[in-house]
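This is what each chain is made of:
Number of protein chains: 2
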Amino acid sequence: MTFRYSNSVPKVNDNATAEIMKAAANPEVISFAGGLPAPELFPVKQMKEATDKVFDLYGEKVLQYAGTLGYPGLREQIVDIMKDRDVDSTVENIAVSTGSQQAIDLVARMLINPGDVVITEDPTYLAAIDVFKSYGAKMVGVPMDEDGIKTDALEAVIKEYPEAKFIYTIPNFQNPTGRTMAVERRKELVRIANEADLPVVEDDPYGAIRYAGEFLPSLKHFDTEDRVVYLSSFSKVLAPGMRLGWIVANREFMAKFMLLKQNADLHTDNLTQYIVSQFLKDNDLKEHIKTITDAYEHRANLMLKEIDEQFPKNVKHSIPEGGMFIWVEVPGVDTNKLFDECLKHNVAFVPGSAFYANDVKQGTFRMNFSNMTDEKIVEGVKRMSAAIEAVTK
Amino acid sequence: MTFRYSNSVPKVNDNATAEIMKAAANPEVISFAGGLPAPELFPVKQMKEATDKVFDLYGEKVLQYAGTLGYPGLREQIVDIMKDRDVDSTVENIAVSTGSQQAIDLVARMLINPGDVVITEDPTYLAAIDVFKSYGAKMVGVPMDEDGIKTDALEAVIKEYPEAKFIYTIPNFQNPTGRTMAVERRKELVRIANEADLPVVEDDPYGAIRYAGEFLPSLKHFDTEDRVVYLSSFSKVLAPGMRLGWIVANREFMAKFMLLKQNADLHTDNLTQYIVSQFLKDNDLKEHIKTITDAYEHRANLMLKEIDEQFPKNVKHSIPEGGMFIWVEVPGVDTNKLFDECLKHNVAFVPGSAFYANDVKQGTFRMNFSNMTDEKIVEGVKRMSAAIEAVTK
Chain A
33 MTFRYSNSVP
43 KVNDNATAEI
53 MKAAANPEVI
63 SFAGGLPAPE
73 LFPVKQMKEA
83 TDKVFDLYGE
93 KVLQYAGTLG
103 YPGLREQIVD
113 IMKDRDVDST
123 VENIAVSTGS
133 QQAIDLVARM
143 LINPGDVVIT
153 EDPTYLAAID
163 VFKSYGAKMV
173 GVPMDEDGIK
183 TDALEAVIKE
193 YPEAKFIYTI
203 PNFQNPTGRT
213 MAVERRKELV
223 RIANEADLPV
233 VEDDPYGAIR
243 YAGEFLPSLK
253 HFDTEDRVVY
263 LSSFSKVLAP
273 GMRLGWIVAN
283 REFMAKFMLL
293 KQNADLHTDN
303 LTQYIVSQFL
313 KDNDLKEHIK
323 TITDAYEHRA
333 NLMLKEIDEQ
343 FPKNVKHSIP
353 EGGMFIWVEV
363 PGVDTNKLFD
373 ECLKHNVAFV
383 PGSAFYANDV
393 KQGTFRMNFS
403 NMTDEKIVEG
413 VKRMSAAIEA
423 VTK
Chain B
33 MTFRYSNSVP
43 KVNDNATAEI
53 MKAAANPEVI
63 SFAGGLPAPE
73 LFPVKQMKEA
83 TDKVFDLYGE
93 KVLQYAGTLG
103 YPGLREQIVD
113 IMKDRDVDST
123 VENIAVSTGS
133 QQAIDLVARM
143 LINPGDVVIT
153 EDPTYLAAID
163 VFKSYGAKMV
173 GVPMDEDGIK
183 TDALEAVIKE
193 YPEAKFIYTI
203 PNFQNPTGRT
213 MAVERRKELV
223 RIANEADLPV
233 VEDDPYGAIR
243 YAGEFLPSLK
253 HFDTEDRVVY
263 LSSFSKVLAP
273 GMRLGWIVAN
283 REFMAKFMLL
293 KQNADLHTDN
303 LTQYIVSQFL
313 KDNDLKEHIK
323 TITDAYEHRA
333 NLMLKEIDEQ
343 FPKNVKHSIP
353 EGGMFIWVEV
363 PGVDTNKLFD
373 ECLKHNVAFV
383 PGSAFYANDV
393 KQGTFRMNFS
403 NMTDEKIVEG
413 VKRMSAAIEA
423 VTK
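Chain order of the listed sequences is A and B.
The first sequence begins at 33 in our numbering and counts up one residue at a time.
The second sequence begins at 33 in our numbering and counts up one residue at a time.
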């Protein structure tokens with residue numbers, strides 16, 4: 033039969049990104065395309081120990097249905113994590129989500145009617161673009177510089193779209209640019225949101241993975257009017273396969289969130305919530321994060337050094353202080369064509385076009401360093417240089 | 033701030049069901065209100081063993097991001113489970129969902145535009161009603177009798193709403209009625225759907241939990257035109273806390289499903305998928321299900337016996353052949369008032385009004401037997417009898 037799909041389903045399967053990931057998955061290819069953490073740093077042994085304890089201590093309880101907002105024990109630990117991030121919260125402000133992807137999806141569903149305007153950084157996280165578009169949002173991008181979103185441009189956009197529904201931003205080590213929003217910009221963004229009475233969705237999956245520069249308070253920290261909805265995740269600090277994220281928002285918002293979360297999956301995997309809670313009791317999360325940031329700092333610096341040495345002199349790139357990505361600009365190059373050329377050289381990245389909701393800035397691409405050995409970083413950048421040379425000569 | 037919510041968010045928090053569940057959660061109360069499996073039958077020890085093996089065998093792999101449609105090893109095992117249910121499928125037809133609740137939500141999102149008609153049994157699963165309504169569906173219910181949905185009434189409804197988007201049905205031990213669709217009705221429903229060119233969403237969480245009568249083939253078994261989207265779950269046969277369900281549909285549908293599943297949570301918990309897969313390798317699922325059905329058969333028969341002996345003679349009830357629920361009709365009684373009276377007697381159930389999308393059939397309620405000791409079944413029915421007497425005298 034031919035199904036009559038709703039407007040939520042993309043009319044054309046836009047497989048560009050899927051095709052890129054598929055090509056990059058060839059084992060011959062050195063892939064800087066993905067966004068995966070380093071699996072060799074996953075605390076497998078400690079997770080196993082935590083799991084054994086959970087089965088011994090809680091038995092059948094963790095296998096039963098549970099509350100929609102998540103295991104209260106874990107939510108209490110998230111209150112502490114938020115305290116470390118300079119945000120005051122209580123268990124009632126927090127829900128566990130099935131990865132922060134689910135929180136993005138549900139918050140979007142809570143706020144977007146078809147035709148509503150959503151303001152994002154340009155470029156931004158591609159799976160957020162997909163979500164917002166599936167709810168019928170009109171996406172309006174705000175340009176960035178090295179200090180993150182340009183707040184004067186944001187103000188101009190809001191003047192043009194005063195009925196916008198919310199601002200979506202990734203202040204720390206943004207995906208895809210690796211850039212971090214300066215502290216003055218953060219204050220300014222919250223001031224602008226207050227003035228325009230706009231909600232802010234602050235997506236912070238990478239914030240804890242800082243290996244350079246100083247800790248910067250989140251937008252939520254500067255939020256005096258409960259308008260910031262803060263999202264984060266255990267995916268980058270522990271393990272993404274367990275799909276555990278969280279949302280911090282005011283109670284009225286959480287009551288509505290609960291209704292849609294219940295519709296979506298009743299609750300997040302209870303066993304996994306207990307495992308991570310036990311892990312946090314028995315291990316020092318900060319020490320574990322130090323291991324990750326040390327490794328990522330080394331990999332980022334090596335990749336930056338190789339880029340500086342091997343790419344043409346007119347190439348520009350971001351200098352991330354954390355996270356997993358470097359953003360590269362190669363003036364005058366069609367990076368989709370460069371991608372095809374790179375595949376011939378058995379190396380891959382993600383062309384910038386994937387990250388723009390509307391007008392693509394040509395000559396850009398994203399490189400991932402977190403999931404890569406030193407040898408592959410050196411060899412992969414060498415291969416990319418050859419490919420760049422081939423398409424620009 | 034005051035958030036401007038989308039139309040997906042219920043305007044009024046309809047807390048009726050939540051309030052019922054909250055009241056029923058009082059430890060003094062014997063609650064027949066829930067829909068929980070018996071936790072003492074969860075295979076905790078075997079799950080722990082499977083988990084240890086998974087960490088030893090697969091290590092970091094299970095903690096990493098994974099494919100959106102689910103772990104292929106588990107999907108192959110689901111192909112075998114489907115074969116036992118007389119349905120031929122391949123790994124490509126199957127996706128793992130975060131509980132079958134997520135599959136209901138995503139399939140609804142794939143098919144419903146605001147204003148679209150969805151046809152369901154009347155009464156039906158309350159969290160499916162919530163989902164369909166949140167996407168703006170107009171719900172049209174079809175009456176049932178002891179043999180399930182009345183197919184002549186279904187035909188009449190389709191004649192009235194030829195533009196309906198799909199039929200949602202729970203053929204086995206339906207929630208809330210416990211009734212099973214007769215085999216002739218199944219064939220007839222598929223024939224009607226073929227003629228009207230309508231998709232059928234077949235929700236089968238309980239089908240494997242049959243303790244009486246004969247196995248009946250699913251609607252999917254009779255589906256020659258790929259119009260049945262079949263949903264099931266490990267929640268009732270293993271453990272609901274792990275949130276593992278699945279969907280079986282044709283490939284074109286699965287390609288679209290994948291796009292929305294990716295938006296929703298990227299993929300279902302990878303660790304849990306591996307654990308259940310390992311459990312299925314090392315244990316005999318059918319033997320485990322036998323343990324469950326033996327226990328549920330005993331509890332259902334005890335509850336039916338107590339109802340027959342203690343409730344007034346004009347009370348009618350379903351006689352389930354599996355699953356977890358009995359549907360009771362008490363002519364002339366407002367079962368919401370009866371609920372309040374029952375709380376005074378420290379016993380609870382769910383009033384029928386929760387399960388009707390539109391016109392409530394008065395004098396009905398649902399009782400759960402799966403999650404209850406013999407003593408509590410006897411004592412709880414006694415208390416309910418006293419409450420019924422109090423409101424009818």
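It should be emphasised that the hints constitute simulated quantities derived from the structure, not laboratory data.
Some hints could be false.
Identical copies carry no separate label here, and so any pair may be met within one copy or between two of them.
DSSO-like, lysine-lysine: derived pairs with alpha carbons at most 27 Å apart [what the hints assert, rightly or not]:
hint	residue 1	residue 2
1	K369	K348
2	K369	K43
3	K93	K322
4	K93	K408
5	K425	K115
6	K337	K322
7	K93	K77
8	K43	K170
9	K191	K93
Worksheet item: Of the hints given before, which are not true for this structure?
Response: 5 and 9
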